[in-house]
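Q: Here are the chains, one letter per residue:
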Amino acid sequence: MKCENFLQFIDAYVDSEFDDLESDELEMHLSACPSCREKVDNQTNWKRNLKECLSEESVPTDLRASILSQIMRSDESALDIHPEKVIPFQKKGFPKSAIVAFSFAAVALLSFYTIPKIVTVAPASSDTQPVIEQAIDWHRGNFPIEVTGPESQRVESWFGDKVAFPIHLPAFEDANLLGGRLANLKERRAAYVTYDLNGKRLSLMLFNGEGLLVPANNIKHIEGRDIAMVQRDGYTVALVQNGGVTYAITSDISEKDMIKVVSSFSAKK
Amino acid sequence: MKAQMNMEEIARLELERAFLREAVPHMDALYATALRLTKNKGNAEDLVQEAMLKAFRYFGKYQQGTNCKAWLFKIMTNTFINNYRKAKKRKEVSIDEDSKPLEERAVAVERDPMQEKFGDQDTMFFKLFGDEVKKALEEVPVDFRIVVLLADLQDFAYKEIAEIVDVPIGTVMSRLYRGRKILQTKLTSYAEEQGYIDPKVEDSSNQPTSLDAYRTRRMQG
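Protein chains in written order, with our numbering: chain B, 210 to 478; chain E, -7 to 213.
Worth flagging that the hints you see were computed from the coordinates, not collected in a lab.
Honestly, I wouldn't trust all of these hints.
[Unchecked claim] Covered stretches of chain E (in silico footprint by chain B; criterion: 3 or more residues with CB under 8 Å from a CB of chain B, positions within the stretch not fixed):
(1) 42 to 55
(2) 62 to 68
(3) 122 to 129
[As the list claims (entries may be wrong)] Calculated cross-link-like contacts (lysine to any residue; reagent style SDA-like; alpha-carbon spacing at most 25 Å):
(4) B:K371 <-> B:L387
(5) B:K256 <-> E:R49
(6) E:K178 <-> B:E265
From the three backbone atoms N, C-alpha and C, an ideal C-beta is built for every residue, glycine too.
With the sequences and hints as input, model every part of the structure.
A: Structure follows, in structure tokens:
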């Protein structure tokens, strides 16, 4: 290949448009031609520098908040959402046999230790993972809150008639209640509250856990309570059952720290 | 309140969640591009907001799991071009270089300033004169500027750019080539003025050849 042939394709080469085989051919020329090599290096540097120079700016915080609140506002007519346009939601049935229904956690966990073959749910089971994944999603999303803390009574009463279960927010040690909003987990309405835990964000979701499943091999006994603890994508999620309500606690803290948090879990009865 | 939400509420929440997961992470990229398209912060904010709300409205039609970033950029680019044309019709913008016909502006740039001019020092140049780089880019006519932004700032492939801007790949390649050359010429003049590099005229380099031409040539051995 001659230089003039190579230089016809230098843009496409620098922009990584060629497949491996094609690139190999062009690189054969490059390895033998310092002059074209230098041109490629210069052009690659240029591209990288231009990108660095232009990508410093991120969306201003107030614009981000404004866009998110317009998207997530409960008034649907304002956004002209038509039911036929939205994605169909598939309601999945739960295979009831051979798995643990989470609402019966206390009973099920007891039997787990005696007849593990029947109740063990594989960690990859598709029925258990959505709860964990969605709890992490909500945590990671850090979505705008609809009611602000730090008084837990104010947040609790805001949820009042919006959810079909009583809201008793636990008092976590060293954690400040930032606020809450409505959320959903699978097809259920959930209460989402977020805390500041020594500079780290901690999310708590409360929902009716009936029929939802947890990986039984991740169950730990802490302070006389059964807790499902799952590590995923750098996050730790703890699931606790309290007074008929399921609590999912998510943060990017270690399992050890999460155990400390959950130990201080003292929801009012 | 019922324990279970009705299907519409559920679908709405599912849609929100999917949008937050797939579309919202690209907001910074849209904004960085919008700044250089609209040339000012206020207009960039309006453009990103309009594009994001439009995207949410049509999100049900978008096939989840496909190229969401390219889809968002297509919406924003269309919105920008439409607003731009409307504004031009109302003659609310001054007649700048952008409003001249494309052919008139597509004059080949005579020099190829990039090669060997900035050399290893261009990193320093970009660091020292970042604002000038942005200003120079904003002076590049809009059809070329869009393509340069999509390729060099957002790393889109030619094929994706062709879909976003709705022109053939060959046009993407020639606009990209010219856009980069216009920008480089502007920056070279500036660097020369500042005494950063020595003026030195070079031959124009080869025009880009289409990928098909390359492949055909290869086939023929």
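Q: Of the numbered hints stated previously, which ones are contradicted by the structure, given in increasing order?
A: 2, 5
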